[in-house]
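Q: Now for the letters of each chain:
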Amino acid sequence: MSNEKEYIEIFEQHRNIIEENCAPLLNEKRTAAFEKFKASGFPTRNDEAYRRSDVGKQFQTNYGMNLRRIDMKSNANDLFMCDVPNLKARPEYILNDSYIPTQQATADHTSGVFIGSLNEYARSNSDAIAPYYNALAQKGDSIVQFNTAFVQDGACIVIPKGVEITETIQLVTLLHSNIDILNNRRLLIVLHENAKANILLCDHASNEHTTMSTQVTEIYLGKGASLNLYELEDTDKNNSRLAHLFVQQESDSQFNHSNITLTNGFTRNAINVTLIGSGAHANLTGLAICDKEQHTANNTVIEHVASNCTSNELYKYILDEKSTGVFNGKIHIHPDAQHTASQQTNRNLCLTDCARMYAQPQLEIYADDIKCSHGSTVGQLDENALFYMQQRGIPKNEARNLLMFAFAGEVIENIDIDALRDRLHILIEKRFRGELNKCKGCSLCKK
Amino acid sequence: MKKSNNIFKKIANKAYEYGFVSNIKTDIIEQGLNESVVRLISKKKNEPEWLLEYRLQAYRHWLTLEMPQWAHLNIPEIDYQAISYYADPLKKKEKQNKEIDPELMKTFDKLGIPLEERLALTNTAVDAVMDSVSVKTTFKEELKEKGIIFCSMSEAIQEYPDLVRKYLGTVVNYRDNFFAALNSAVFSDGSFVYIPKGVRCPMELSTYFRINAANTGQFERTLIVADDNSYVSYLEGCTAPMRDENQLHAAIVEIIVCENAEVKYSTVQNWYPGDSEGKGGVYNFVTKRGDCRGNNSKLSWTQVETGSAITWKYPSCILRGDNSQGEFYSVAVTNNYQQADTGTKMIHLGRNTRSTIISKGISAGKSQNSYRGLVRVSKNADNARNYSQCDSLLLGSKCGAHTFPYMDIHNDSAIIEHEATTSKISEDQLFYCNQRGIGTEEAIGLIVNGYAKEVLNKLPMEFAIEAQKLLSVTLEGSVG
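Order-wise, the sequence lines are chains A and B.
First residue of the first sequence: -11, per this note's numbering; consecutive thereafter.
First residue of the second sequence: 36, per this note's numbering; consecutive thereafter.
Bear in mind the hints are in silico, worked out from the structure with no lab data behind them.
Backbone N, C-alpha and C fix where the C-beta goes; we use that ideal spot for every residue, glycine too.
Some hints here could point you the wrong way.
Stated by the list, open to error - Derived DEER-like restraints, expressed as beta-carbon distance ranges:
{"id": "1", "chain 1": "B", "residue 1": "E280", "chain 2": "A", "residue 2": "E23", "range": "54 to 62 Å"}
{"id": "2", "chain 1": "A", "residue 1": "A118", "chain 2": "B", "residue 2": "N415", "range": "56 to 64 Å"}
{"id": "3", "chain 1": "A", "residue 1": "I58", "chain 2": "B", "residue 2": "M102", "range": "19 to 27 Å"}
{"id": "4", "chain 1": "A", "residue 1": "E152", "chain 2": "B", "residue 2": "L100", "range": "41 to 49 Å"}
{"id": "5", "chain 1": "B", "residue 1": "Q464", "chain 2": "A", "residue 2": "D324", "range": "56 to 64 Å"}
As the list claims (entries may be wrong) - What the simulated footprint calls covered on chain A by chain B, stretch by stretch (three residues with Cβ under 8 Å from a Cβ of chain B suffice, anywhere in the stretch; the number is not a length):
{"id": "6", "stretch": "-9 to 0"}
{"id": "7", "stretch": "21 to 31"}
{"id": "8", "stretch": "334 to 348"}
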């Protein structure tokens, strides 16, 4: 309990500082969230959902928190190194947990589109997001409550009825500081009826210091809305990320999500999708490439509440050296969710005998007229395929890379934006070859 | 085909047919659990000091534990002080005469388990256990000639204390879980099997468990040891009377498989499942585990679970020896308000170990049926291979079917596959049968039996027929 105690004290002593810089909407949710956190503390390995991800350990570092909202004085353009060429995108930046205003106007007043700071929007347009902020997250676990209690800023994207944003919205999170830092970020994405958007979230770190982030994202998709959300994590081994994504889909909405983890330290992504309107479709994919002592966990829950919905999941892991992969996928079909079709696939490659994979696909079904399946495999590269390629003059290393690349390809193909897909192909290939700038001799490719 | 359908129909019209109560004078100790009860049970069974000490250790450990809540079950609170922990249907006098109460004989006859060897139709040796005591073991002498020990646990403790002491608690430690601790403290009777080196057991060994007395719990303990190069096929069956109160059954089964040995363990579990309102029924909390200690050893679990109000059972294999094999075939049927959380654990420790899991769940009525399984491949278990398949069939819109598999892989040469599907009987299949003059109810029986066939085929013949009948009975009235 010692770690919690410290944060409980910080909150109680500095509450006025936290609230000083924040919109009333953010502040009014704090008390209830803090009480919940205080009661339960950080999750331990006794909690089923955290059995394989020791989160308590991640909070042992003595982190600083930017409670006074001190301007870090960094130039986003200097720090950002991972550009996606040919991507028609409007980049927006978050430094640690503060939104950095860019020169271009982000609020388009005529169409009602808003892309910008959550704190600012909660101040200026509180009514527009009051029904959404923390509505889904309030049921979250103690990490989510911790985030709600401490959060001061993040990003907000609101797309009004019928508006289609053609260019990709790129939201880049840069992790950089002079101390070991704990960030609490919040993202709120609301797509009203028939709105459409592509959003790319990138995490990048340029840091010698240990960074810990809690990130809570809430997404509301109105009737017929369609969202492609791509998350790319390319940070470093000092970085811990505890991300929670809550999605609520109304009828006939489409949600397409890809979560790519290339380089990281400790990552736990919790994804919770609730299909409340009939005809909604959710497609979740994920790829994790891990080596050294990387830890990547994806915990997904899909709640089929309404009938006639479909969902699809595909998660792949490539684990090398002493890395750990955790996949925990649950499909929960409520009694009224008849005519649901839901499929879940999890495939994993273990490359060394020190790599560990924990897979736990789950089905919880309370309706009878449904089709539901899950499959999970753990294995290695096919020796026969390797031999076949070597016979034809392809060196073993190259053959290995080709096979791994093909394995990863299935997830990448799911990405609809051509420029991003091409970029990821290159990034992944570089990752396997050890040429990634942050790779510093990654071992996946040395063999 | 027609004949077999008639059988189904005939059986489908019957409710739980083993629900009668036998009027047998039974020596029941007072309700409640404390150290003196543990001592009393030990004394009644005239046990050696070390076993009493073991029981007391387990009891003291149990006191420190809490009832586990992780299963996908809604377990009403159990008052462990309201249960009597020992019931002996053999009256003292008759024990001395070595004669069995004719009422008792009748009971087992009624259950289709003749205890007189001349009446036995099949090549099966039976150990019949009622409440806390083994009533009779048949074919003991024949087996003894081959050096096979097949007797009740109480007898084994008296006659072969060294063997029992050597193996008891080595697979399921009393610290293993809540119910293992409880069982280790108060276990009454069960079977003890020892197959010596190089012996192939010539007949099926079988234990029949019956709960008769009211307000008692049954805490059976079974220990099977298959020494090097031996083989045994063991069957287990269970029934209980219909009562409005719930009864507790917390058993431990330990199996030790030595080098090149093979053990086949089959269960047809038919405890009273409660009535259609969910009243009564047996709580079945069982720890079953086999340790494949020797190289090239093989353990196969087959279970047909149709009974019990609540089932909490995970027959497991520890694949310690190199090239050892574990198998798990299961059909679990739940109807009305039954709940089942069942599955297996395959722990791969040795090299080239293989395991297969085939689990078929069928839920009907308002029941909840879960598969929960673990496949663990440890760091040194090179070339481990596992294949798991879990299918669920839903009959009705108010039931639930759930799958919770865990895969912990610590080795790069492991190949692990897991598949699960959930569906209902398709309209097309039913229509096809209807077209050919097969009624809907019969058609469902047919389809369900076909669905479970993969598992039923693994059962010894007599059991397979019984299991097929049971499937139909359990699903009676679930069509609609």
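Q: Hint by hint, note whether the structure agrees.
A: A quick look at each hint next to the structure:
1. Checked against the hint of 54 to 62 Å, the pair E280/B and E23/A fails, with Cβ atoms roughly 42 Å apart.
2. Between A118/A and N415/B, the C-beta spacing of about 57 Å keeps the proposed range 56 to 64 Å intact.
3. The hinted range of 19 to 27 Å is not satisfied by I58/A and M102/B, whose Cβ atoms lie roughly 51 Å apart.
4. The hint said 41 to 49 Å for the Cβ distance between E152/A and L100/B, and at roughly 59 Å that hint is violated.
5. For the pair Q464/B and D324/A, the supplied restraint of 56 to 64 Å is violated, since their beta-carbon distance comes to about 25 Å.
6. Coverage of a stretch by a chain is defined here by at least three residues with a beta carbon nearer than 8 Å to that chain's beta carbons; for the stretch -9 to 0 of chain A and chain B the count is 0, and the condition is violated.
7. Counting residues of the stretch 21 to 31 of chain A whose C-beta sits closer than 8 Å to any C-beta of chain B gives 0, which falls short of three, so the coverage hint is violated.
8. By the rule of at least three residues with a Cβ nearer than 8 Å to a Cβ of chain B, the coverage given for the stretch 334 to 348 of chain A holds, with 12 such residues.
Going down the numbered hints, you'll see the structure goes against 1, 3, 4, 5, 6 and 7, while the others check out.
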